[in-house]
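K.L.:
Turn these sequences into a full structure, and let the hints guide you.
Keeping their order, the protein sequence lines are chains A and B.
Using the numbering used here, the first residue of the first sequence is number 38, and each one after it goes up by one.
Using the numbering used here, the first residue of the second sequence is number 681, and each one after it goes up by one.
Keep in mind the hints are simulated off the structure, nothing from the lab.
All residues carry an ideal CB built from backbone N, CA and C; glycine is no exception.
Some hints here could point you the wrong way.
Derived, one-sided and incomplete: chain A residues facing chain B with beta-carbon distance under 8 Å [what the hints assert, rightly or not]:
id: 1; residue: R43
id: 2; residue: T51
id: 3; residue: W82
id: 4; residue: T83
id: 5; residue: A144
id: 6; residue: G162
id: 7; residue: L264
id: 8; residue: G287
Covered stretches of chain B (chain A as the covering partner; in silico rule of three or more C-beta atoms under 8 Å from a C-beta of chain A) [as the list claims (entries may be wrong)]:
id: 9; stretch: 708 to 714
id: 10; stretch: 730 to 738
id: 11; stretch: 825 to 833
id: 12; stretch: 884 to 896
id: 13; stretch: 899 to 907
id: 14; stretch: 924 to 936
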Amino acid sequence: MKPGTRRAVGLALTSLTALAAFVIVAVLAIILFNIAENGAAGVTWTFLTQPPADGMMGGGIFPAIFGTAALTLLMTVAVMPVGVLTAVYLHEYAPPHSLFARIVRVAVVNLAGVPSIVFGLFGLGFFILFVGQGMDRALGHEEMYWAQPGLLWASLTLAVLTLPVVIVSTEEALRAVPMDHRTASLALGATQSQTLARVVLPGALPGILTGAVLAISRGAGEVAPILFTGAAYFLPDLPTHLNSQFMHLGYHTYVMATQSPDVEATRPLLYSTVLVLLLLTFALNLVAVIIRTRTRRKAAGAH
Amino acid sequence: MEQGLSQPLVAPSLSPAARRRQLREKVIAGLITLMAFTGIAALILIIIFVAKEALGLFLDAEARHEASLSKMFLAQDVPAGRPAFRWQPVSKVPKVSMIPLFVGTLKTTVVSMMVAVPLGVFGALFAAEFAPRRLRELLKPVIELLAGIPSVVLGFFALMVMSTVVKDVFHFDRPLNAMLAGLGLALAIVPVIFTVSEDALTAVPRSYREASLALGATPWETAWKVVLPAAAPGILAACVLGFGRAIGETMIVLMASGNADVISWSLGDSARSLSATIAAEMGEVVVGSPHYSLLFFIGVQLFLFTFVLNMLASSWTRRVVRKLTGGAA
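P.N.:
Given below as structure tokens:
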């Protein structure tokens, strides 16, 4: 190849790849701009604090915000201990080259790839029909109490879905805790569990929080798993029990976008709902990024 | 020490406090190990309980008649002029052919891959090889942001904004079609392909690049002929992972594809995918009916497809690491 052609091909390849990166960023910008432009005006205090009115053609989205918050809160409470302790096992307790640890890892990788709608089927088949019916039978409920879609079952379904997120980020956080800290603690006579509770986990705390935040942002946006495990089209009252159905920002978006009798009339409300959902997930992701960069910088500064 | 070697070792007798402590440590370690079972248990429970609800299809005589495997996968005798493959499980004579669903899933998935693979892989190549450090550090979080957009929002964007553009550009009759769903899916899987490819590219050791440059190759020759081939299994894994996500993604296809069970290879026609079918129909189905089992059976198929793709992807990712570290890791 002549030097001229060589340079030209190089330039072409560089511009082509730069173009690809640019297109991705541009698409993101278009999405954000479009939703912000059309949704911003409608996000008012009344919109955020009122229930829907006029058959979803007016009013606000407070029940959906409340439902999303309650759902993700319960999910977080369920997933964090399990996820963190699994990561602790993998990084702190598993013997090197342990077969069991390897199987756990394979399971976690595959769990992360299971389609979200299959989690929905699992929630229905396992939590509602198996556990729920079993509980009703055991507790002697005449009517269905636990064997129906509700807040608890939807949260647990989401907890299973976000388990890999928590495990992976906690393990990364544990890896960032210097080995010296552990050996120093053990050398002072602390047991392994004392070292874990007072040295390793506090050291890994920012990373563990990052995992929690990422799990919440993922869980808050998922709609497919809650379609038949608890989300409701419209409810006049806020959920009060663990077996209550609830409204949800993402499900609300889906219903208004696809089943509204008059899409043009609901469009402004729809855009504002989407904007709220998007701001919520972005804010969470941003928090995760900030915690992560700060920990990395601190870790880099310490060595 | 010398004495210890010639005599059998005797465990030192522990004080009661020390023994309690040892016991407590064992209990804690046991509990933590028990917790680690949850991930495996979840995966096993998912397959058991999704398959269990699908089992009715094979055990129940009525269901076996209404939705046999041959009715699902083979052409049926129908009056001339009618399609032999139909998905109409709630009509008077239920028609339960999975073929339209496979076609729809394949169509939307292929469109999304055609768009997302070049964008994701080239974007990753740019970030890993050509971009200045500053730009690269900006690019990664921005694409992570794209990954953080809930799929229902992408579905909404496809439905509200992209549909008119796509319809006008390609002169389609319908605003909701396979092309639109595929493009919407591409938005969801580009970040996956980008991130995994970028990881694979940056895992290529610096010595490869330095050797190539030292031999007189230009940076692009190094990137194209050395770094890219070295990272090839990892990039393949990224594409397989993206493919798996596209097959399983539900909300975007549900909102943008039109959901009609047509068999055609035209991208302007509506399409109905496996995952969207479950989402659309499970709400109104009678628990335990053949239709209900059928939807769970689709779930089993989705689980198996994505499971196989995940196993392939992770074995390829492992291969790239082993190759680049010379088997050290």
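K.L.:
Going back to the hint list, which numbers does this structure go against?
P.N.:
The structure breaks hints 3, 4 and 12; every other hint is satisfied.
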